[in-house]
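So the chains spell out like this:
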Amino acid sequence: MGMLATRDWYDLARQTNWTPKYVTDADFFPPDFSDPYGVSIDMWEEFDEPYKVTYRDYVQTQREKDVGAYSVKSATSRSEFYRKAEPGWKSILQFHFGSVPFVEYGSISAFARMTRFGKAPGMRNMATFGSLDETRHAQIQMFFGYEFIGEHRAFDWAQKAPNTDNWVVISERHCFDDVEHTRDSVSSAIMTNFAFEQGFTNLQFIALSADAKKYGDYSFSAMLQTVQSDEARHSQIGEPLIEIMLRAGRKEEAQRLVDISFWRVWKQFSALSGVSIDYYTPLDRREHSFKEFIDNFVCTQFLRNLNALGLDKPWYWDDYFLPDVSAYHHAQQIGMYLYRATQWWDAVAGVSPRERAWLEEKYPGWTDTYGQVWDVITENVLAGNYDRTEPKILPMFCNMTGLELTGVAGKKWDVKALHLDIDGRRYHFGSPVDKWIFEQEPDRYKGHLSFIDRFVAGLMPAGPDGPFEYMNMPAGDRGVCGDNYKWAEGYRGRAAAE
Amino acid sequence: MSEQFPLVINFQGDYGMKLLLVDPQATLDHVVELAKDALIGVVVKPLPEGTKLIVRRHGESSPLDSSKKVADFGFVKMEALDIVHSV
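Sequences listed follow chains A and B, in order.
So in our numbering, spot 446 of the first sequence is number 446, and the numbers just go up one at a time.
Counting the second sequence from 1 gives a position; our numbering is that position plus 498.
For reference, chain B alone in the conformation it holds in the complex:
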């Protein structure tokens, strides 16, 4: 558990937020893949063809650079992130 970093994920379409434990050296892109794997086809319908997902700090409007590592963002433990469809 000590190697894993806790994030709170708010995935578009889901009924509530989820806890995701991630490797702090993983990129946000990888976090998105983990979230997709856990939630699409479980609580959220398959995404429309060509849907791009972006990540934001919960409540903010600017997308984060998803190629960067989790550790690079200075997230606090249990930071909430929105994973939403890019418009």
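Pulled out of the complex, with its shape left as it was, chain A reads as follows:
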């Protein structure tokens, strides 16, 4: 019996809308969950996703991908690889596997809500596959990470992280709960699929994959690439959505959603991918600097997609985003190293003499700014004053990012905060953009307590170990210097000569 070609039945088969007879449209698709923008059903039914797939094809393709990724893992001797890996590479793996899997897992439900509450049949169809994709992503990254659980306790955080109130996890949850989990399906899809997935996932899953391949970590590289292949498909849910919003006269709303999400997710990826690429990746294996990857994936590709859709560059692009690309992750890295005990992964400094030269080359002015802080840390390490490489006072956090409130250090010192006073409480923000986001919906954000707010409010156990107990981090769970301070040895001869 002849089979119809997919193209002959696909469009018809996915037209799954009907006119409800027993409930109202508002009951069927409550605006707060579905579409608060009042776009007509006729327009929703014009949703046309660029990449179409049938369930049969999906299962076959995904199975082939899994065979590919899991077989690479089996073929390489992973425990031996890990034991021989450089400290910076270990830091990357520990950081990634603790911070990413639970976000993937959370996305399963985000797509499921799009499946239920999306008014566009094509969107519901794609979001169903999106849920399956994210299930796969959570599973594969937990499975790959758990291989190392016998090597280092940090890999337990692939499962443990979301069950703690570690400050990194609080920051991540706040961002991704805002972008993915607490809005209607239209807003979530624009924020998640377009701004988050299309904007930034390439950094952690393609750029880092290139470094991984160069390093010889073929298993990690294959895992990252196979995850991103799914991302390329389901992240395209956002584009036809934005096209419909613009046709419906909702450009301003779509723009605001992109502007909010892009910045929020930028901060997360700057800390995660920026530090991984510019400090943790062994120097000789760096494909590009973080800034160079941003220039390609974000400033070129993403901006082109944005403009092609008819949206504008976010208002803060030139004055705040571009300067941040050369600054934010450098400051965050200092904090991540100094406060390493509060993190589950072992942090490396990434500032040996050769690495510093590279940083100065890629980020002119680094020596006179962030380098000034590292000079102090280096001196302490050379003198054996390791306790002075861990500050006795806590950093201040931005009330939007949940990360350290940082700026430019050293000779060009420029650290600024903005604040809002609401109901007798002062909120601090590391940039005008963070404050602007807060001001879009103060009621959404004002109830959240950052890690530092909780400390000040006395919500943590008393004593010097109180914050660690709060984060469920016994002594053995706390990060240390990943190479036991060897990074500073290259300065010892110089110090003596001077």
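One should not assume that every hint holds.
[Unchecked claim] Below, computed lysine to any residue pairings styled on SDA-like, alpha-carbon distance capped at 20 Å:
no., chain 1, residue 1, chain 2, residue 2
1, A, 412, B, 543
2, B, 550, B, 562
3, A, 313, A, 252
4, B, 543, A, 147
5, A, 435, B, 558
6, A, 446, B, 543
7, A, 435, A, 424
8, A, 412, B, 575
9, A, 412, B, 559
10, B, 543, A, 243
11, B, 566, B, 522
12, B, 534, A, 393
13, A, 291, A, 362
14, B, 534, A, 394
15, B, 534, A, 477
16, A, 416, B, 558
17, A, 392, B, 559
18, A, 416, B, 559
19, A, 392, B, 584
20, A, 486, A, 341
21, A, 73, A, 182
22, A, 411, B, 553
23, A, 392, B, 532
24, B, 534, A, 386
25, A, 416, B, 554
26, B, 534, A, 300
27, B, 534, A, 413
28, B, 575, A, 243
29, A, 52, A, 243
30, A, 411, B, 584
31, B, 566, B, 524
32, B, 543, A, 52
33, A, 291, A, 252
34, A, 411, B, 502
35, A, 416, B, 553
36, A, 73, A, 85
37, A, 251, A, 305
[What the hints assert, rightly or not] Which stretches of chain B does chain A cover? Using the computed rule of at least three CB atoms under 8 Å from a CB of chain A, they are:
no., segment
38, 510-519
39, 541-553
40, 565-579
Hints listed in this document are in silico derivations from the structure and should not be mistaken for laboratory results.
Built from N, CA and C at the ideal position, the CB exists for glycine as well.
Since chain A is already given, all that's left is putting chain B on it; use the hints.
The following block gives chain B in isolation, referenced to the frame of chain A:
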């Protein structure tokens, strides 16, 4: 914790702001000493000989009278203060 007053410190040269819990009856001079003790030689290089530090509400230009007590200024909790070199 209830006896301590939370301030946010922005120390010249540091890479970011810090939380400092202080006795509200302490002077701003004492706050400066606490900040110096916590940050100089940890994140900030030793100050040049003869450097005088002044304290300002973050974002303002006028120095505060550092001989006065924290409680006398009417700071809100988590008030941000700049500690900078006097020029």
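To see whether the hints hold, each was checked on the structure:
{"no.": "1", "hint": "A:412 to B:543", "verdict": "holds (14 Å)"}
{"no.": "2", "hint": "B:550 to B:562", "verdict": "holds (13 Å)"}
{"no.": "3", "hint": "A:313 to A:252", "verdict": "holds (12 Å)"}
{"no.": "4", "hint": "B:543 to A:147", "verdict": "violated (43 Å)"}
{"no.": "5", "hint": "A:435 to B:558", "verdict": "holds (19 Å)"}
{"no.": "6", "hint": "A:446 to B:543", "verdict": "violated (37 Å)"}
{"no.": "7", "hint": "A:435 to A:424", "verdict": "holds (17 Å)"}
{"no.": "8", "hint": "A:412 to B:575", "verdict": "violated (29 Å)"}
{"no.": "9", "hint": "A:412 to B:559", "verdict": "holds (18 Å)"}
{"no.": "10", "hint": "B:543 to A:243", "verdict": "violated (54 Å)"}
{"no.": "11", "hint": "B:566 to B:522", "verdict": "holds (11 Å)"}
{"no.": "12", "hint": "B:534 to A:393", "verdict": "holds (11 Å)"}
{"no.": "13", "hint": "A:291 to A:362", "verdict": "holds (8 Å)"}
{"no.": "14", "hint": "B:534 to A:394", "verdict": "holds (14 Å)"}
{"no.": "15", "hint": "B:534 to A:477", "verdict": "violated (31 Å)"}
{"no.": "16", "hint": "A:416 to B:558", "verdict": "holds (11 Å)"}
{"no.": "17", "hint": "A:392 to B:559", "verdict": "violated (29 Å)"}
{"no.": "18", "hint": "A:416 to B:559", "verdict": "holds (14 Å)"}
{"no.": "19", "hint": "A:392 to B:584", "verdict": "violated (26 Å)"}
{"no.": "20", "hint": "A:486 to A:341", "verdict": "holds (18 Å)"}
{"no.": "21", "hint": "A:73 to A:182", "verdict": "violated (36 Å)"}
{"no.": "22", "hint": "A:411 to B:553", "verdict": "holds (19 Å)"}
{"no.": "23", "hint": "A:392 to B:532", "verdict": "holds (11 Å)"}
{"no.": "24", "hint": "B:534 to A:386", "verdict": "holds (18 Å)"}
{"no.": "25", "hint": "A:416 to B:554", "verdict": "holds (13 Å)"}
{"no.": "26", "hint": "B:534 to A:300", "verdict": "violated (44 Å)"}
{"no.": "27", "hint": "B:534 to A:413", "verdict": "holds (17 Å)"}
{"no.": "28", "hint": "B:575 to A:243", "verdict": "violated (46 Å)"}
{"no.": "29", "hint": "A:52 to A:243", "verdict": "holds (17 Å)"}
{"no.": "30", "hint": "A:411 to B:584", "verdict": "holds (15 Å)"}
{"no.": "31", "hint": "B:566 to B:524", "verdict": "holds (8 Å)"}
{"no.": "32", "hint": "B:543 to A:52", "verdict": "violated (59 Å)"}
{"no.": "33", "hint": "A:291 to A:252", "verdict": "violated (29 Å)"}
{"no.": "34", "hint": "A:411 to B:502", "verdict": "violated (32 Å)"}
{"no.": "35", "hint": "A:416 to B:553", "verdict": "holds (15 Å)"}
{"no.": "36", "hint": "A:73 to A:85", "verdict": "holds (16 Å)"}
{"no.": "37", "hint": "A:251 to A:305", "verdict": "holds (15 Å)"}
{"no.": "38", "hint": "510-519", "verdict": "holds (count 10)"}
{"no.": "39", "hint": "541-553", "verdict": "holds (count 3)"}
{"no.": "40", "hint": "565-579", "verdict": "holds (count 5)"}
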